[in-house]
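The residues making up each chain are set out below.
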Amino acid sequence: MTGITRRQFGILGGATASALVMPAYARAQDKPKVVVVGGGAGGATAARYIAKDSDGAIDVTLIDDSGQFTTCFFSNLYLGGFRDFASITHSYDKLQSDYGITKVTGRAIEIDRDAKTVRMADGVTVPYDRLVLSPGIDLIWDSVPGYSEEAAKIAPHAWKAGQQTRLLKEKLDAIGNGQQVVMVAPPNPYRCPPAPYERASMMAHLFKAKGVDAKIIILDPKEKFSKQALFSEGWENHYPGMIEWYGPTVHGGIESVDVDAGTVETGIDTFHGDLLNIIPAQKAGMIAAKAGLTDDSGFCPVEADSMRSTVDDAIFVIGDASIAGAMPKSGFAANSQAKVAAMTVRGELTATKVFPARYSNSCWSLIEVDDAVKVGAQYVPQDGQIVSTHSFISQTDEDPALRKATYEESLGWYKGITADMFG
Amino acid sequence: MPLMGWNKKHSGTGSRAWPVLAAGLVTCLPISSPTLAADDADTAGERLFSQCTTCHEIGEGARHKIGPHLDGIIGRLAGSMDGFRYSMAMREAGESGLVWDRDTLDTYLQKPSDFITGNRMSFRGMSDQRDRATLIEWMSTMSLNVPGSLVEEGDAKASGPARGFADIVLAMEGDADYGAYLAGECVTCHQASGHADGIPSIVGLPRAYFITALFEYKTNIRTNEVMKLRVANLENEEIAALAAYFSGLEPQ
Ligand SMILES: Cc1cc2nc3c(=O)[nH]c(=O)nc-3n(C[C@H](O)[C@H](O)[C@H](O)COP(=O)(O)OP(=O)(O)OC[C@H]3O[C@@H](n4cnc5c(N)ncnc54)[C@H](O)[C@@H]3O)c2cc1C
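These protein sequence lines are chains F and X, in that order. Going left to right, the first sequence walks through residues 1 to 423 as my numbering numbers them. Going left to right, the second sequence walks through residues 1001 to 1252 as my numbering numbers them.
No lab work stands behind these hints: they were computed from the structure. Here the structure is a predicted model, which means the values were calculated and not measured. Incorrect hints may have been included.
Here are the in silico distance ranges between beta carbons for each label pair [to be verified]:
{"#": "1", "chain 1": "X", "residue 1": "Ala1133", "chain 2": "F", "residue 2": "Gln385", "range": "49 to 57 Å"}
{"#": "2", "chain 1": "X", "residue 1": "Arg1124", "chain 2": "F", "residue 2": "Phe85", "range": "52 to 60 Å"}
{"#": "3", "chain 1": "X", "residue 1": "Asp1128", "chain 2": "F", "residue 2": "Asp55", "range": "54 to 62 Å"}
{"#": "4", "chain 1": "X", "residue 1": "Ile1066", "chain 2": "F", "residue 2": "Ser91", "range": "36 to 44 Å"}
{"#": "5", "chain 1": "X", "residue 1": "Ile1066", "chain 2": "F", "residue 2": "Pro240", "range": "34 to 42 Å"}
{"#": "6", "chain 1": "F", "residue 1": "Phe85", "chain 2": "X", "residue 2": "Lys1111", "range": "53 to 61 Å"}
{"#": "7", "chain 1": "F", "residue 1": "Gln385", "chain 2": "X", "residue 2": "Asn1236", "range": "23 to 31 Å"}
{"#": "8", "chain 1": "F", "residue 1": "Ala401", "chain 2": "X", "residue 2": "Gln1129", "range": "23 to 31 Å"}
{"#": "9", "chain 1": "F", "residue 1": "Lys353", "chain 2": "X", "residue 2": "Lys1111", "range": "19 to 27 Å"}
{"#": "10", "chain 1": "X", "residue 1": "Ser1193", "chain 2": "F", "residue 2": "Gln385", "range": "31 to 39 Å"}
{"#": "11", "chain 1": "F", "residue 1": "Arg113", "chain 2": "X", "residue 2": "Asn1220", "range": "47 to 55 Å"}
Chain X regions said to be covered by chain F (calculated; three or more residues, Cβ under 8 Å) [claimed, not checked]:
{"#": "12", "region": "1174-1187"}
{"#": "13", "region": "1194-1206"}
{"#": "14", "region": "1226-1232"}
Ideal Cβ placement from N, Cα and C applies to all residues, glycine included.
Chain X on its own, in the form it takes in the complex (with noise of 0.2 Å):
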């Protein structure tokens, strides 16, 4: 299952229409994929990301295009960058959680129409599994270190013990001026204004993912020892009023 519990049933409440733009209506058709050889991965995914480039840039100073940029897009929310106009269907994914990492990313991109119901990428899909990893890993390889990205080592994924505690404060109401107190301990180094700088931003971060990325670390799955120990003496009550707190927080 996807990060955040955010799954393909999430897909249909997008549903509503989004008015197609006229000069958006570009299409990406798949190339026939070239076989490769395992030594040229690199070039092999710089080869299937070009039927990408009409519509998306990536790697450093990449801007949005037709398309949004895609540097950092491993670990980034969906639909949650500054200055692009996403689909409301890609807006309500991300904020019903859904961060990009390997697994969401290949799922997508075998059919983005049927993962996401609704959203305005014009791409029918890359139907071989091969094709997309190769491709996803290229991307990540040129989206590393980039502000803005919430990925930590490795894959993070919510799991057992993870997800069951996630889903009890979920549940409940976070105190949000508590979370303004507390957040005071996040913002010596996740900074307040959204700026990242070699530390993920955490402004604004739905309270799903921020929650179920608390108790990854509390278990381990997220293993940044630095975060392992901020959130050893957060109680449930605490993470409600953090997430709370910065889920109503714009980026400045």
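Okay, chain F solo, but in the shape it has when bound (with noise of 0.2 Å):
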């Protein structure tokens, strides 16, 4: 043995082990076959998990409407001026050429859950033996009285990354001295919690990095927020007078949106804005609503030990389309669930081992250059629902080298995440 490091012996050691527990199948045609629709946070992690893992074992067909994925996750920090639009931009080439998933672009518009089939736009049919759904979130329109699809030209939400992230900032940089840009939160539940403060928070640095002196109005439906303190704070000392934050008490209620007049009608004001960014409520993606999968919340109801969907046996959902009990809508979560739900696939699969459940999230959120804060928690099943065992948030009043510190660690973790989905 001599000459061997413990480092190699411990590969001879791995190898051996993987060898033994490779399931055998056989010919490729009779492989199952598992087909994921979203290529996302949850879609792309779970895809690239199974395929990874079972080692060409299973044959992996990922779905999603676009040949490239834009992240939500940094998408302020791109409003703010801290990342390119290119950085946040992610192809799915690897999934492809490194771990042999079949990339289908399109869209998926109808399940048949009896036939085992997803049907695509363009009318092909791609039959599963276990589908993992990953849809995101689609927008309720009409949840903001006034506000469309059409009027989101006007009035971006910027809720689902892409164009309308890009003409959010466009229309961000147009805002000159003695402007001002009003906000619709929406309200719970919707994707990433403390992301309009964190948005806010950068539109506020945007303008300070500039010197212009304009304004930010935040119309909430809720009467707290997540982070409120940390923000608060945050918004006192970085940008004092800048952001003005109105709960339900406040401004009565939001009863309408006037993209073309620039106005948000509350049940006291009317609210003005050079620039309107309208974040209605979400549901659950079309295609799981369509599929019968979702309940009365508009999301799916999940098992807590796997992901599988309560109502087809056949199908698991991940992200922010599951109601995944205490975790919140969010890429860490997503990306959490969905290795959960990709190892019962490939367990029920191809025979191997099925480990028990964990979960786990964390939340990192801007506030102005250096000044990072998080949130996070440990989840797992019990008695049929996700619960949290530990959590944590950052203080106020932290050591600013702390604070940095934070913001560091959220640059790894947005280059480990994207790693993890994408190879």
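Two chains, two separate frames, one set of hints: put the complex together.
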């Protein structure tokens, strides 16, 4: 054994072990098929893990309507000028070349649960043995009367990243002295609880950095919001007088929006914005509802220990579209759920070992240069629910060095999660 | 005691003679140490480092020369950097868990050949404790936030409960397959490739280091909140599994 280091030994050991558990599978066309709809935080991760861990034993198809994926996470940093658009946009190339995943670019419009097929907009049907759905959210346009898909071209929501994000950035860059942005925040539940407030921070940063004297008004349907004490403190410290937040007891309820006039009508007053950022209420992506997988909440109930739909044994729903108990709708959470679903799917199709589900989440938010905060929790399935066992949140009045370290940690997380999604 | 139970006794394991590379025989002679004013610690540190520059680079973009580059030295596992041929003694020191922190560097720099017998650094040592402290302080400011650095807030030290638990887990055989599944939770932030951009790499960490570090989070010796959360539900079996898995990986 001379000359063999422990490290090499560990690798040999690992290789032998995995060779032993390698499932016996026959010819390629007999391979079990997994179809994943949605190539975002949940779907890309699930597809990659199933393909990677099954070593070719499972045929994986990933369906997404776009040829590349722009993350909502860090899209606020793009708005603030901390990132360029290319740095938040990722390709599916490696998932195809390195993991053998078949990427289908197009819109899935229907699931035939009896035939176990997914029908694409172009009429093609894709058969599956197991289906993983991670379609994210759809916006409930009329939750803010007067708002619509058409109106979003004038008053962007930018709550799905891509063209909308660019549009909002263009409009923000055009804001000048004495002008005002009005944001309508969404009601619960929505994707990424702290994101509207991080976004307001990034808007203020952009104006402050350019020396533009502009204001941001947030009209919120909620009485309180995520990381409120931290954001309020940050806004006072960095952007005094620039950000005003009003809850329903102050504005009297959000009644309607007129994007052409640039006004938001509330119970008490009319707010005028040179730019409106309207973020409506949300529900699971259309395909899930159409397949009958949602409940009255508009989201999909799932089994807590596997993310399997409670409606259909062959379907797993992960990410924003699912009702994941105490977990928030976040990219981190979707990535975490994807791994549990991937392991379960693989276990069923290739008789590999299934370990107990574990879930986690952390969300970083940037308030100003080198001033980031974070929140996180650990979750387990318990009595059919996903419950939180431990959690933390950044404290107010923290050491600036810690805040800076938190920002750097968030950069590391972004690299990590995008590598975990796209290879 | 230095981190990870690595102590001087282990240095004996590297006693196998390492062939001296002719070209590597450069002697860094200690120069007489300047007296320093407290406010001048930076310059003093830099001056002290001048006796190392024949062999070592430090700071952004530093490369290996005769000796390995010292960027990110604080918190780095001994003998662990790609692209540098370490002595057997130095690699074994790393494999048994020696991590460079202020204490281990201080002992090492006092007399390198005593601390790691058979290592290849031809430096007699720095006897003045204050000089060593100044130099190490300066080196640590030069290596802040460098990818690959394992250091967390301050100097985490295994002590008391962390050590005791860690020893129990160290004696367990971890299930690497279970570790591979559990690792899914780690690689959302710690890149599976071993790349590090703002979050340290954990790929290829020796078991002893890995296990102790996790117990240091459990016992609040290490204070990163995200990590404290992640370890909260990890049982001994799971820590052993993760250590088995990550120690068996090589950075890509
Ligand atoms: C401004 C903002 C900031 C955020 N910041 C963070 C953050 O810092 N950290 C964090 O963890 N999370 C953050 N999030 C939340 C995060 O983006 C989402 O929670 C996450 O993307 C959810 O993953 P998912 O897989 O459920 O959906 P998505 O990532 O949205 O992926 C769904 C994909 O499926 C596609 N799709 C849907 N239906 C179909 C169909 N029928 N056919 C074909 N393709 C379809 C969609 O086009 C999309 O590409 C943020 C969100 C926003 C809006």
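Outcome of the hint check:
Between Ala1133(X) and Gln385(F) the C-beta distance comes to about 54 Å, which sits within the given range of 49 to 57 Å. A beta carbon spacing of about 55 Å between Arg1124(X) and Phe85(F) agrees with the range 52 to 60 Å that was offered as a hint. Distance hint check for Asp1128(X) and Asp55(F): the Cβ-Cβ separation is about 58 Å, which falls inside the suggested range of 54 to 62 Å. Between Ile1066(X) and Ser91(F), the C-beta spacing of about 42 Å keeps the proposed range 36 to 44 Å intact.
Judged by the Cβ atoms, the range 34 to 42 Å given for Ile1066(X) and Pro240(F) is violated: they are separated by roughly 55 Å. At about 55 Å, the CB distance of Phe85(F) to Lys1111(X) agrees with the hint of 53 to 61 Å. In this structure, Gln385(F) and Asn1236(X) meet the distance hint of 23 to 31 Å, their C-beta atoms being roughly 27 Å apart. Look at Ala401(F) against Gln1129(X): about 27 Å separates their beta carbons, and that is inside 23 to 31 Å.
Lys353(F) and Lys1111(X) have their C-beta atoms about 51 Å apart, which leaves the hinted 19 to 27 Å range violated. Checking the proposed 31 to 39 Å range against Ser1193(X) and Gln385(F) shows it holds: the Cβ atoms sit about 35 Å from each other. Between Arg113(F) and Asn1220(X), the C-beta spacing of about 49 Å keeps the proposed range 47 to 55 Å intact. Proximity of the region 1174-1187 of chain X to chain F, defined as three or more residues with a beta carbon under 8 Å from a beta carbon of that chain, is established by the 9 residues found.
By the rule of at least three residues with a Cβ nearer than 8 Å to a Cβ of chain F, the coverage given for the region 1194-1206 of chain X holds, with 7 such residues. Remark: the region 1226-1232 of chain X is confirmed as covered by chain F, as 5 of its residues place a Cβ nearer than 8 Å to a Cβ of that chain, reaching the required three.
When held up to the earlier numbered hints, the structure conflicts with 5 and 9 and fits the remainder.
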